[in-house]
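Reconstruct the complex from the two isolated chains, following the hints.
First to last, the protein sequences are chains A and B. Position 14 of the first sequence, counted from 1, bears residue number 13 in numbering that gives the first Met the number 0, the numbering being contiguous throughout. Position 42 of the second sequence, counted from 1, bears residue number 41 in numbering that gives the first Met the number 0, the numbering being contiguous throughout.
Derived from the structure by calculation, the hints contain no laboratory data. Among the hints, erroneous ones may be present.
Cβ-to-Cβ under 10 angstroms is the rule here; a few derived chain A residues that face chain B [claimed, not checked]:
1) N6
2) A28
3) F40
4) G72
5) G91
Yeah, the Cβ is synthetic: ideal placement off N, Cα and C, and Gly gets one too.
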Amino acid sequence: MKRVFVNEEWCLGCHLCEYYCAFANSGLADMARALKDRDIFPRIRVEDTGKVTYALSCRHCTDPLCVKSCISGALTKVPTGAVCIDKDKCVGCYTCILVCPYGAVTAGEHGAVQKCELCLENACGSPACVRGCPNRAIVYEER
Amino acid sequence: MKQYVIIGGGVASVGCIEGIRSVDKEGRIVVLSGEGRPVYCRPLISYFLQGKTDPEKMKYRPDEFYAENNCEVVYEKAAAIDPARKTVTLESGESIPYDSLCVATGSSPFVPAFEGLDTVENKYGFMTMDDALALDGAVGPDSDVLIVGAGLIGLKCAEGLCGRAKSITVCDIAPRVLSSILDGDCAALMQKSLEDHGVRFELSDSAERFNINTAYMKSGKVLRFDILVLAVGVRPNDSLVGEAGGACDRGIRVDTHMRTSLEDVYAAGDCARGYDASTGEDRVLAILPNAVMQGRCAGINMAGGDEVFDKAIPMNAIGFFGLHALTAGSYAGELHEVPAGEGVKRLYVNGGLLSGFILIGDAAGAGVYTAMIREKTPVDSVDFGLLRTSPSMAAFSAQYRRKTLGEVV
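Okay, chain B solo, but in the shape it has when bound (with noise of 0.2 angstroms):
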């Protein structure tokens, strides 16, 4: 009987664990998680702050899953692979055996060597249930709130705050808000929407020092703060697989059957550095479905199968008290802007096929673009011009709805 063992104990992990599963019923699976909960929707979290979701509803699979799955969940941090013994290394010192393991460890915060930030006692991070918990216990009315990151991290972390506490201000040394994904004018419409809920902002502007509760910016202001939270940015945890002599390059290297390089061991999820299908380079796209396929397509490979997981690319859908941003793919080559009304319609072709977009506002129908940049098809097999103002079957073949709308798919 084989044995898998599975290095984490997130989304990736139970995207690994139904993937073996759906090939091997029968092998024993170890999943070593270091957070000590199961499973539950980490991007959830903020949503949790805003009272819009509980500890119960964010549980990503039933309370049943490892057991119906037949796991045995280890709540322990690995501190070792061995890949010549086959074997992983808990802290405690327990060494288990392993024919096949995924390593899906995730990311960790991004902490900058800010001065003075061994002062901060009321600092916070923004990634787990813990984190949130912890929030959740420090905000109250009184509280004046300091976030130091416009990522889509700390944003999320704003949102949830607002109205939970006297003041909320967020600082970037970008320009503008979400900047990994959106330019300019569409970043300003997402940051008025949590302006006009009382969030303050301070961009283009970093902290160089901290003492106790004040933050002294770059630009000379001096911002007072009871909680700091840091959402600068994450890395992913790598480093099990570097030690181990495994190739990594900020994120650990896999293949499209996420192999890693060495012998029998696999990753997926947010530590993971795979083909990104919209450019064709490989990259850390941390985002909850891709680690949910990667998870998956690993899990088929442990088991002896054969899947591919080709068609990652980067695609986000944000949104603040209503108003949402979808974006996918990235934004190289020709722009075609579309009246949205109040919102925003981005097109980018490229080489003959749709290479991203960004919608803000109405978000009907966002996938059938997403598709096209997923599947690559051409702009000139769809008619554009219709596609353009409606994402709809319409736009393309009769034969392509007939094998859609009139086939199972």
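Same shape as in the complex, but just chain A (with noise of 0.2 angstroms):
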């Protein structure tokens, strides 16, 4: 399956990608409405500790921990391989935090727990964080 993978090196900290991300999920039409003044949620995080950049988001593992450890059945592994939440049955436990080695799953807006679903589940159709990020720091494949 194609996932999202980082070359850190060429991460210039932009942060543009959590916008995209942000935008691309709000399921508003337009930029300024979904993102101008508002707090956002973003999926991916761009990690900065002023010597390294890159950004992070859900590695869709093969065998994901998340999964096994989801006391509500809301995260599964879908037969594409992607790694997604039904947010309805998440009642946010916080027991995917708790163990994502990676810090991927992080709390949402509303209660329920949020991470990256490629954005096969929205508008998008391919992760709006790739398609925004101007020095193809972030790249959409297979591997």
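Structure follows, in structure tokens:
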């Protein structure tokens, strides 16, 4: 399956991926309405220490600990291999946050947790972060 | 064709079915479930009381799960295992042969022999959907509720009933809440989050005797109640294996393949006493993720695979009214107290390894710490100064990041 991969040395730390992610998952057509003057909840996050900068999102692990640990059955590995979340089932217990080795599952806006679903569940169809990255520091491909 | 029998219909049983089917698509699987309903998310029963979920959403697997995995589910309890004849006898007397057996019988509430408990009519446990449905039907705006036990089960019950009863009081013989996973001031924070919502506590105190609607406490206090919830603790259901001659020690003893001491008999979940990677000792780790992973390991091995599960550690995510406490490992060694605003962040380092942590409030990145405990990552192999404040991949080597962010993991 295609996944999002990170080329750390090319990351500018511009955070554009976060904005594209939040916009793609907002369900809104107008970028300003989705992002301007609002707290955004992107599923990809730029981690920047001053020395190192890279974007981090769900690795869609082959054997995902979050799925095996989910107490509500909300996290599943769908047949394509993507790890997806059913927000109606999630009760926001944070067990997935407790087990994800990469810190890729985060608290969401409305109680349920959130994670990258490769933009397969929204209108975008392929990862918006990748399309918006100005330096190909994040790519969507088969490896 | 091989015949697999699984005693129990909970999440360890599901893990076992999925483990078997990852190796053997053909063999016959018989699931014995004593609960009369397909698998559901037991830890969600408090969210059900709160109205945050419903029986439909609480399904752990889709309705087609058993059919798709070609399982026959028998809603009946097992009465005995005969390891010599390799059969399981049901309570009805019927006998089912097995080539390979998994015992996933879970645990049962432990009810101390309180004097006069038999005079209490409205008493409930809080472990199963039936318990939750019974409480849901019994509680009303005029109810005074007394919960005995301030552990994970008792407190989630208190949260679930908040706003649905006239009063909720929780008592425990321990001096603090959640005494199995939290130390004093952390426990006080979690207690306050419930007190702020009207829950009252009677700690360092226990019931001496009951009489119909009244608890007479050791302290001399007299507590009147309409509904009594007993959440004192749980005991592993290990008697089927014990009576068949298998090794038990407050839990069915299993190795890292989930094998019991009986040939072709495996055990998984809350009934099993297995390896705890955080201490190197055996213990019952009665948490859902462990049950699923043990079940899966057992299933793979039952079907002829060679799977080891030696990464179990104690860990818990529990929250009340939006305040989350995430804990893992053991609190041994040197304490690193990290400022965390209104919350708490405690990391414990022992013998060059992260041995455990307590996070209250900000949960972000907790899994990075949990992974270090599980994988025994030496503290000196990471930028621990950075990791203390921010659990992120940035504290690891560029090589590790290339592997985890640039390859399939």
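Status of each hint after checking the structure:
At a threshold of 10 angstroms, the smallest CB-CB gap from A:N6 to chain B is about 7 angstroms, leaving the interface hint in force. For A:A28, the interface hint is violated, since its Cβ never comes within 10 angstroms of a Cβ in chain B; the closest pair sits about 30 angstroms apart. Given the 10 angstroms rule on beta carbons, the hint for A:F40 is violated: about 12 angstroms separates it from the nearest Cβ of chain B. For A:G72, the interface hint holds, since its Cβ comes within 10 angstroms of a Cβ in chain B; the closest pair sits about 4 angstroms apart.
For the restraint placing A:G91 at the interface with chain B, the shortest Cβ-Cβ distance is roughly 8 angstroms, inside the 10 angstroms limit, so the hint holds.
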